[in-house]
Structure formats: structure tokens, C-alpha cells
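Colleague: Listed below are the residues making up each chain.
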Amino acid sequence: MDQQTALEKVTAIIKPYAKNLAPLEEGNLDARILEDLGVNSARLVDIILAFEDEFGISIDDETADKVRTINDAVRVVSSQA
Amino acid sequence: MGHRDRLELFLQRAVAWVFTPASYYLAWFWMRFVRGYRISGLRAFRDELRRKLGSHRGPLLVCPNHLTAIDSVLLVWALGSGLHYFQNDRDFVWNLPERRNLGEGLPLRVACYLCKCIPVLRQGPPEVTARTMSKIRHLLAGGHRVMIFPEGTRSRSGRVDTQEFAYGAGRLVQEVPGTRVLCVYLRGLNQEACSDLPRRGETFHLGFDVLEPTSPNKGLRGSRDISRRIVERLASLEEEWFATHHPTRQ
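Chains A and B, in that order, give the protein sequences.
Here our numbering is used: the first residue of the first sequence is 1, the next is one more, and so on.
Here our numbering is used: the first residue of the second sequence is 1, the next is one more, and so on.
Just chain B, with the same shape it has in the complex (with noise of 0.2 Å):
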């Protein structure tokens, strides 16, 4: 990675650091009061994390469900509080949105430069693709935190695909050694769909796993295995979750 992407990360990590307490907990205001949220069982999910997690201080890369378009944002507040943030800056996850869909409104830009994104092109050329690669291994080497949608898109059946995924979390998990993958499972008792938001006064409830994914086979096939059985955890989490939350619908 060239000198000039790593003087632009480390600034980023630095005023996104400073911002840390003022954009977490405005973000944290709107979400819980503004539009009501609340999650569910959110000490017990920090502490068992924090438990499964254990002394590991390396790369972790956060492979979430996606069903709505604050997903991220909801994330970052179950992961951590401002105060966490603030004393373990690499804990406040990157998250890589899609370049399109921020628009050039500067007010949007603004607060996604605060909030660790690293905008990327989906499809985009292969050499720009290759530079955010570069960037989010680097990040992860220096043991950041790192979301990924390992589906690629906000699911449309409302249910994790295990079958239209993308491959760039198992290419990255493979590319960064150590890497370990934090399957997250977050939904709302209300969501039947995706959504742009989940509905007020939503209550989201977690459920999570920890894995340390390999493949026999190297290259593009290990990159596949490895996504596959993210995915593929990350379905069996949707299973549990219905079962315990809406065992009517599963």
C-alpha cells in the first residue's frame, strides 16, 4: 500500500477518534430516542463477546446479516459503547459502504469519514478494487476491526442467502493470517423484510458466533469455502434466532 493510503488512513483514524464521543453518541441519541431502538440483552452480548473473544487483540473481521440500511450503525452500538470506543479506538469497526449509495450530499460524506467507512465501488475497476483491498488488509493487520456484509446486498427475501454471496470476506480472511470472523445475527422482532429502516420502537435481539474459518484449497476456491461457511454460519444463527424469538415463522 502506497504511502499517500496509509497517511490517509492513519488521519481518518485520528479525527474519527477525536469525533469518536460526539458521533457514537449522537448516533446512539437518535437511535434510542429519536427512533426508539433498543437491543436487547445488550450487556450479556458485550460480556459473553468480550468472553469468546478472550486476549485476541488481531484481526477481526464482523460478518453481520443485512436487512436494513443502519445495520452498521446499530452494529457499532452493540459492539461497544463511546466510552470503549474512545479507549480502544481499533475496536470501532471500518465499515466499507457502497460508494453509490452515499450520494454527494457533503453532510453524509462527512459523517461516514467520522464513522470509519471506506467507501468502495462494487464492480468497480479492478485496480481501484485492488487499492481498497490493500487498504482494508492493512487495516486488519494492525488488528482494526473490519465490517463486511458477507451477502453483498441487503437480502430481498428478508432471510440470509446462501446462495448469491459474495466471496471478499473469505478472500480477506485468507489474505490476513490470524483473521478471525464475528458472525453477528441482528434483526428485529418486526422486520419481515429488508428495509431502509427498521420500524419505531424496534427491539433487536443478537445472537453470535466467533469462528476462525480455513480451506484446504488456496486462491479464489479457498476465498468461496471460507464465504460459504460464513454464510452458512450466519444462516444457522437466523435458525436459532427464530426459533427463540418467532418460532411460528421459521
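One chain only, chain A, in its complex shape (with noise of 0.2 Å):
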């Protein structure tokens, strides 16, 4: 999948966990998905499920836990998809 196709559902997928929508808006990449647009560490792991869900893909605990900013996610699901 090619990477702008990627960045396009991830953010959509994030977009409604965000508290701060800005970074996304301004396409930010470097956001950091607690800290900068306010995402409940809880939700980040409903947002790698949804993740799953869209690209058909399993993402290891492991992997997870590296995904920092919307940047890494673009990253993991392109790898992955």
C-alpha cells in the first residue's frame, strides 16, 4: 500500500479518539499520538485495532508499543498491508 493511501486512513481512524485535532489537520506526522493530539493510552490500543481491522493486518504487542506518532503508524500498517 502506498504511503499516502496509508496516511489518509490512519488518520481518518485516529481522528475521532483525538482530543487535538490540529496536528492532524495541519498533517503533522511527527505528532505524537498521546502527548500532542491528546489520545487516552487506552484508545491508542483501540486505535491499533482498528488498525487490524481496516488493513487486515496483526500487529504484536511488541510492535504496538512502538507506535508513537502517526508517523509510526503509517509506517507499521504500510509494512504490514
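Quick caveat, the hints were computed from the structure, so don't treat them as lab data.
In this text the structure is predicted, and so the values were computed from the model without any measurement.
One thing to keep in mind: the hints can contain errors.
[Unchecked claim] Here are the simulated lysine-lysine pairs, DSS-like style, with alpha carbons at most 27 Å apart:
no., chain 1, residue 1, chain 2, residue 2
1, B, LYS218, A, LYS66
2, A, LYS9, B, LYS135
3, A, LYS66, A, LYS15
4, A, LYS66, A, LYS9
5, B, LYS218, B, LYS135
6, A, LYS19, A, LYS9
7, A, LYS66, B, LYS52
8, A, LYS19, A, LYS66
[Stated by the list, open to error] Now the stretches of chain B that chain A is said to cover, found in silico as 3 or more residues with beta-carbon under 8 Å:
no., segment
9, 29-42
10, 123-135
A virtual CB, placed ideally from N, CA and C, is assigned to each residue, including glycine.
Since each chain comes alone in its own frame, lean on the hints to assemble the complex.
Modeller: So, in C-alpha cells, the structure goes:
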């Protein structure tokens, strides 16, 4: 899957969980999901599971723990999808 | 888990055990006589809990609802006497307070250390979280009791939050084989919503159940399933509590 498509889908999945949408709207790929977007850590798990469902992939706990920024998320899903 | 962490836990356990009579009965005196709290049916609760746990001496995750800042202290009181904890130190639950809530004050930090607290950093760096989880797994695997609030924070609505809960409890159940979950619903008769302290003279009533939750799923999905089961059981204990003690407020 190309990076642009992955980015669009990742952004769409994260958006409902984000308390601060500005970094998403600015397209800041280095924005940290927890700190900058204000996503609750438990909801980050929901986001990872939504990635699995949307992209038909399986993300192990160790990889999930490394997803900290939007860029990390795009990298993980595009490498496995 | 590294040798240093093992040694730290061993030392904390030993020091906490030595101070158990002092820390337990000081807290008990403050709750019972300074604040005037009472736990209704305490002896029956302890007897029933002993009966339900039977000969289980393995890992036990205590998962209560969360309404006040002293819920964990009240539950330590509810779950055993000072003498029992002195004779069975694994039964004195380890608590996991948010590090930021402890502040910088030395007295509170010392009290937390003696009361078997392991400060956790919510939404902290993954390596810090991994180290904390490793300590908790080590304790559970050693047959200790660990208390974790499955809701993650005090309920702002005053009711068990079955939507915005955390998944740490489910993860621990998955990662430590044989872990049982003690769901406890504790609430004072006058407790409307969350607060720092319950009202003076408050009487608390308890409801509980012992679960062995499982999930056909592994990993994060399994953690979520198990955490959901725990929170849903707490919500049903809440319904039973209101039906029994406050039928008009259901």
C-alpha cells in the first residue's frame, strides 16, 4: 500500500479519538499520538485494533508499543498491508 | 526483570511487612475514629471472600470501582486485618498510584512505600511502562495480590464507566497464567459522585465476585475483551448495590 493512502486511512481512524485535531489538520506526521493529539492510552489500543481490522493485518504487542507518532503508525501499517 | 528491580521489590516487601502493624492500624484508626467510617458486614465479607477463594494462593488481581482518593486504603481495611497481613504478607495488596498524584512531599512518599505502592506513570514512555508491568507480573506470579482500578481513574459520573476504561487489567490477566480477578464494588451510602474523601461518618457497603476471565483472542484484543468483562461485572455489582441499598436511585 502506498504511503499516501495509508496516511489518509490512519488519519481517519485516529481522528475520532483525538482531543486535539490541529496536528492532524496540519498534516504533522511527527505529532505524538498520546501527547500531541491528546489520545487516551487505552484508546490507543482501540486505534491499533482498528488498524488491524481496516488493513487486515496483525500487530503484535511489541510493535504496538513502538507506535508513538502518526509516522510510526503509517510505517507499521504500510509495511504489513 | 532485572536484579535491581527484584531487589527493590524484595526490600520494599520486607520493610512494609515490618511496618505492617503500624501502617495498618494507624490508617485504620484514622478511618475508624477520626473520620468515623464503618464498613457494613465486614466479617461476613471476609468470610465469604475466604470461602470463594478457597485454597487459591496464586495470583490475585483486585479490581475495584473508583470513587474516592482513599478507595485503596478502605479496601486494604476491608480485605484483611493487620494481624492477617502480618501473618500473610502476600495478601496485603500492592497498589499502583499515579506517580504525578504523589507530589514531592516526603511523608506521602514514605507512606506509599510502606503501604506497598508502586508508582506508575500513566501515558509515560514505553520503556518505563514496560518496566512497571514487569514488576507487577513478577509480583502476581509470586502469588501476591495487586490492586488495579480497571476504569483507570475516578469515575466522574459516579457510576462505573463501561466505555472509557483502561486495558491494563486484561493485559495482566493474559500475561500471568492462573490469575484470578476479585471484582469489588465499594461505595458509601452518601457517595453521590467522585470525591477526594468520603463524607465523615460514612458507612460503606461491599459487593464482590471472583472471576477467571478468559478470551479466545490473544494480544491487545484479548486484553480488551478481558478488561471489558471485568468492568461489566463491576457495573452489574453496582446495579446490585443500588438495588439493595438505594432502590430509589437506580
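Colleague: Quickly compare the C-alpha distance for LYS218 of chain B and LYS135 of chain B to 27 Å and report which way the hint goes.
Modeller: Within the cut-off at roughly 21 Å; holds.
Colleague: Against the 27 Å threshold, does the CA-CA distance of LYS19 of chain A and LYS66 of chain A hold or violate the hint?
Modeller: 21 Å, holds
Colleague: For the pair we were handed, LYS66 of chain A and LYS15 of chain A, check the Cα-Cα distance against 27 Å.
Modeller: 20 Å, holds
Colleague: The segment 123-135 of chain B covered by chain A? Criterion: 3 or more residues, Cβ-Cβ distance below 8 Å.
Modeller: It holds: at least three residues are needed, and the segment 123-135 of chain B offers 4 whose Cβ sits within less than 8 Å of chain A.
Colleague: When I compare C-beta atoms, does the segment 29-42 of chain B have three or more residues closer than 8 Å to chain A?
Modeller: Coverage by chain A is violated for the segment 29-42 of chain B (0 residues, Cβ < 8 Å).
Colleague: Just to be careful, I want the Cα atoms of LYS66 of chain A and LYS9 of chain A compared with a cutoff of 27 Å; is the pair within it?
Modeller: 19 Å, holds
Colleague: Please work out if LYS66 of chain A and LYS52 of chain B have their alpha carbons no farther apart than 27 Å.
Modeller: Roughly 40 Å between the alpha carbons, so the hint for LYS66 of chain A and LYS52 of chain B is violated.
Colleague: Check the hint pairing LYS218 of chain B with LYS66 of chain A against an upper bound of 27 Å on the C-alpha distance.
Modeller: 18 Å, holds
Colleague: Does LYS135 of chain B lie within 27 Å of LYS9 of chain A when you go C-alpha to C-alpha?
Modeller: 37 Å, violated
Colleague: LYS19 of chain A and LYS9 of chain A: Cα distance at most 27 Å?
Modeller: 18 Å, holds
Going down the numbered hints, you'll see the structure goes against 2, 7 and 9, while the others check out.
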